[in-house]
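Participant: Here's the letter readout for the chains.
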Amino acid sequence: MADLSINLAGIKSPNPFWVASAPPANTAYQCHNAFAAGWGGFVWKTIGTPIVNVSSRYSALNLGQMRMAGLNNIELISDRAPETNFREIKECKKEWPNHAIIASLMTDTRDNWHDFMKRARDAGADGVELNFGCPHGMCERGMGSAVGQNPEVIETIVGWVMEAAEIPVIVKLTPNVTSVVPAARAAKRAGADAVSLINTINSITQVNMETMCPEPYVAGLSTHGGYCGPAVKPIALNMLHEIASDPQCEGLPISGIGGISNWKDAADFIALGATGVQVCTAIMHYGFRIVEEMKDGLSDFLDSKGMKSVNDLRGLAVKKVTKWENLNLNYKRIATIDYDKCINCNLCYIACEDGAHQAIALISPDGHDLGPGRLPGKLIPKILEDVCVGCNLCALVCPVDDCIVMVDVPTGKKHMSWKQYQEGLAAGKLKPIPAHP
Amino acid sequence: MPLKSFLTAKVAAENMHEKKPKFRPQEALVEAERCLYCFDAPCIAACPTGIDIPSFIKKIAEKNLTSSARVILESNPLGASCARVCPVEVLCEGACVMLDRDEKPLQIGRLQRYATDHVFENNIQVLRAPAKKNGKSVAVIGGGPAGLGCAAELAQLGYSVTVFEKDEEAGGLNTYGIAYYKMRPDVSIEEVEMIKKIGVKIKTGVEVGKKIKVAELEKKFDAIFIGVGLSSNALRLNIPGENLPEVVEALDFIRELHVEPLHKVKLARRVAVIGCGNTAIDAVAQAKRLGAEEAIILYRRREQDMPAYPHEYASAKGDGAEFWFNVLPVEVLEKDGHVTGLKLVRTKVNDQGKAEIIPGSEFVEPFGMVIKALTQAPRTDVLKRLFPKLKINKDGTVARNEVTGQTNLKHVFTAGDCANGGREVVNAVGEGRKAARGIHKWLTGEAAVGPIQKTRYGVKKPYGSGLDHPVRAPELEEEYYAKQK
Chain A
1 MADLSINLAG IKSPNPFWVA SAPPANTAYQ CHNAFAAGWG GFVWKTIGTP
51 IVNVSSRYSA LNLGQMRMAG LNNIELISDR APETNFREIK ECKKEWPNHA
101 IIASLMTDTR DNWHDFMKRA RDAGADGVEL NFGCPHGMCE RGMGSAVGQN
151 PEVIETIVGW VMEAAEIPVI VKLTPNVTSV VPAARAAKRA GADAVSLINT
201 INSITQVNME TMCPEPYVAG LSTHGGYCGP AVKPIALNML HEIASDPQCE
251 GLPISGIGGI SNWKDAADFI ALGATGVQVC TAIMHYGFRI VEEMKDGLSD
301 FLDSKGMKSV NDLRGLAVKK VTKWENLNLN YKRIATIDYD KCINCNLCYI
351 ACEDGAHQAI ALISPDGHDL GPGRLPGKLI PKILEDVCVG CNLCALVCPV
401 DDCIVMVDVP TGKKHMSWKQ YQEGLAAGKL KPIPAHP
Chain B
438 MPLKSFLTAK VAAENMHEKK PKFRPQEALV EAERCLYCFD APCIAACPTG
488 IDIPSFIKKI AEKNLTSSAR VILESNPLGA SCARVCPVEV LCEGACVMLD
538 RDEKPLQIGR LQRYATDHVF ENNIQVLRAP AKKNGKSVAV IGGGPAGLGC
588 AAELAQLGYS VTVFEKDEEA GGLNTYGIAY YKMRPDVSIE EVEMIKKIGV
638 KIKTGVEVGK KIKVAELEKK FDAIFIGVGL SSNALRLNIP GENLPEVVEA
688 LDFIRELHVE PLHKVKLARR VAVIGCGNTA IDAVAQAKRL GAEEAIILYR
738 RREQDMPAYP HEYASAKGDG AEFWFNVLPV EVLEKDGHVT GLKLVRTKVN
788 DQGKAEIIPG SEFVEPFGMV IKALTQAPRT DVLKRLFPKL KINKDGTVAR
838 NEVTGQTNLK HVFTAGDCAN GGREVVNAVG EGRKAARGIH KWLTGEAAVG
888 PIQKTRYGVK KPYGSGLDHP VRAPELEEEY YAKQK
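Chains as they are written, first to last, in the working numbering: chain A, 1 to 437; chain B, 438 to 922.
Each hint should be verified, as a subset may be incorrect.
[As the list claims (entries may be wrong)] Listed below are the simulated EDC-like cross-link pairs for lysine to aspartate or glutamate, each with C-alpha atoms no more than 20 Å apart in a straight line:
id, chain 1, residue 1, chain 2, residue 2
1, B, LYS791, B, GLU730
2, B, LYS772, B, GLU802
3, A, LYS341, B, ASP537
4, B, LYS573, B, GLU653
5, B, LYS634, B, GLU730
6, B, LYS541, A, GLU215
7, B, LYS441, B, GLU731
8, A, LYS382, B, ASP742
9, B, LYS495, A, GLU292
10, A, LYS341, B, GLU558
11, B, LYS701, B, GLU679
12, B, LYS500, A, GLU210
13, B, LYS701, B, GLU731
14, B, LYS541, B, GLU655
15, A, LYS264, A, GLU250
16, B, LYS541, A, ASP401
17, B, LYS640, B, GLU655
18, A, LYS341, B, GLU540
19, B, LYS500, A, ASP115
20, B, LYS603, B, ASP818
21, A, LYS90, A, ASP108
[Unchecked claim] Calculated Cβ distances over 10 Å to all of chain A for the following chain B residues:
id, residue
22, LEU466
23, GLU470
24, ALA478
25, PRO479
26, ASP537
Everything labelled a hint here was simulated from the structure, so no lab data went into it. Glycine is no exception: its CB is placed at the ideal position from the N, C-alpha and C atoms.
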């Protein structure tokens, strides 16, 4: 069994799975249930001056019967008094001394930040997370993403916080920026111990065609909400990588957030540089017990790779992402079809024909075995190998696992990136590659 | 003993509940979302009316039921009936690619019912005829599936169409001859109403040759379509006792449920059904469901020789029907003018596949009712009387061009059971539509737009990546080869 424990900027937890600061992390009751279910950490729902919420708070993007591929919310930070939250943190910490409890904080003045830092420490929190990401409601009041979108303000506020910090400080970043890197750099400059990302993305999920009002519906109106869930994972991974690969952010621990629903998602984040991960939507969908699948899956995966610790996985894929200009122009792959698996839906054909590069033909099925559902004479797809650019589209649309496989084709040519190509052209060593007909 | 009914109205209704009930909305969505939206889907090619199945299923998944039903009914105006009575296992569902993926094909028939029920239940007319008629008119003899398929297609092409139907209601076997647990006759009646709404005139209770002469039709109409189907009388057994009152035709037995209250349909405690086609299956299942203690199929050949579909066979066995193979009735036994049993002989199938009687193997079995489900006889006499010069094949079917439906009389077209010898409802509708297009071509010289079976075959180099092979749908195939020449 691989060791799943982590140490994120001095915050120790028995596994890398933390409940994110969100509706599942609102109370001591939830904290107990989460730890009992197996979560390693619990980032308390953001503590601040108590707010008032509206009724009707969430809305979702469903993909057919798949519910909540994306979730959007307009709920604000904790609606409970700071003293209640800090008292409950203290109670929970007493009961779960080896689990991580992080107090998420949001306030305004220097004095208030100092006050909150002291109270968090006194409550026994293992660390704090500064909510600079909330994109709805709080930002209209000059907090949340209003801070996170301005690196100078981040630097100032983190500076105030660090003046009073005796426990590790994580800065939670907003994705609602052109680049997340300046925000991370500002946090690091100001002395933050770690960053976490991403917070939710500005969004409107849909319009109700009867009321012409988007969801969530609040008495005839709606507002943009924060988007999360499986749909945002690729965006989160990209932003995570931007920070993990930034030389100025080197050594800055990262807590990954954004659509993590299973162990593989978590492994993606860790491989791209996260020390641990935070989860919300999957809990809102399935409950705390979903962590069992995450822990077992990650542990078994690490075992299968001979890794002793989850930390061995961290960052392994960071260097595998480079600029486009460094990619090998002489690499070639093409699609191959396993006719034993092909069910003759011909989706690959029409995807390539209408949507890509016209590199699949339909040919007579003669000589190929017909499965039970095959119509005699029904044409089957064939890859036109000389036309195929290896774009992967057919393999992506194919509804049968491992039916269309992309295979490397040796070109016998040396590695040549766009950069090298341009240099070669400039030096007169290379001839221009003819344009595609 | 005279026949009698056994069940109360409540029990009869329960026993005759629909075998494939309507999907609930979520069931339909879950099922529709399984569809892969195949390109040039095999299910389309497997449908004799060429319904664009992936298209209508996609529309169900998108909760657009009206458009879904339009896709279905434009291709097959009897799409609601076919959804219930088609042998989907050997047609669309039997061609579903899912059979090769996870072995459970899409439930296309039930999805089709779900979409078409929506428009009929909500009284939404999805079929449209052009506002301007083309000035030509066609008489359709016979208001069964072939005639209705032809009439609906012609109306959509701008023709004035009049259907002449001898029965009280149009729909033919679709109204009178479908097993009650598969479909209620109202579905057929609703489809007829829908076809009337696109301007097709349907004259019921009018038998051509009696109330109106063919010569009159020829004068009034530009073309005539024959869709008279087969005779409701099957071939005869030609054995003693065949004329006893408890010896009935399977189609008449099935028809009774459509004209009598279910619990009033009479039968015996022990029922023999002679023959083993799909109509025999319907009759034996119906007898069992109406309270017969034993309902037994008697078939002169072996299990593997029976013409019934395997799924129908399995279903009847599930209903408790029994199957006796290699037996042949030689006499209907009687007492006081009522059936008491059958004298049977055992048979064996010879090398030519024919059943031979085993000498000395006679035995007697008690039965109170004998249902004959033999091959339906052609209407040769009627056809000869109406069209003395019409060419009839040796098997009694009307000779025709397979693609256009044209007979040796240039202005007379045909399709359905009278031309194909007896196939499914969906075959009749599909052939009727093809004949409508044949009529259109003959009268206007123009081809109707779009193939009956929609595919993108025919896109050829240099515009595509090389569809160098011909299409499967025969009418497209012809077009394709014509272009190649």
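Participant: Please list, smallest to largest, the hint numbers that this structure does not respect.
Facilitator: Hints 1, 5, 6, 8, 9, 10, 11, 14, 15, 19, 21, 22, 23, 24, 25, 26 not satisfied by this model.
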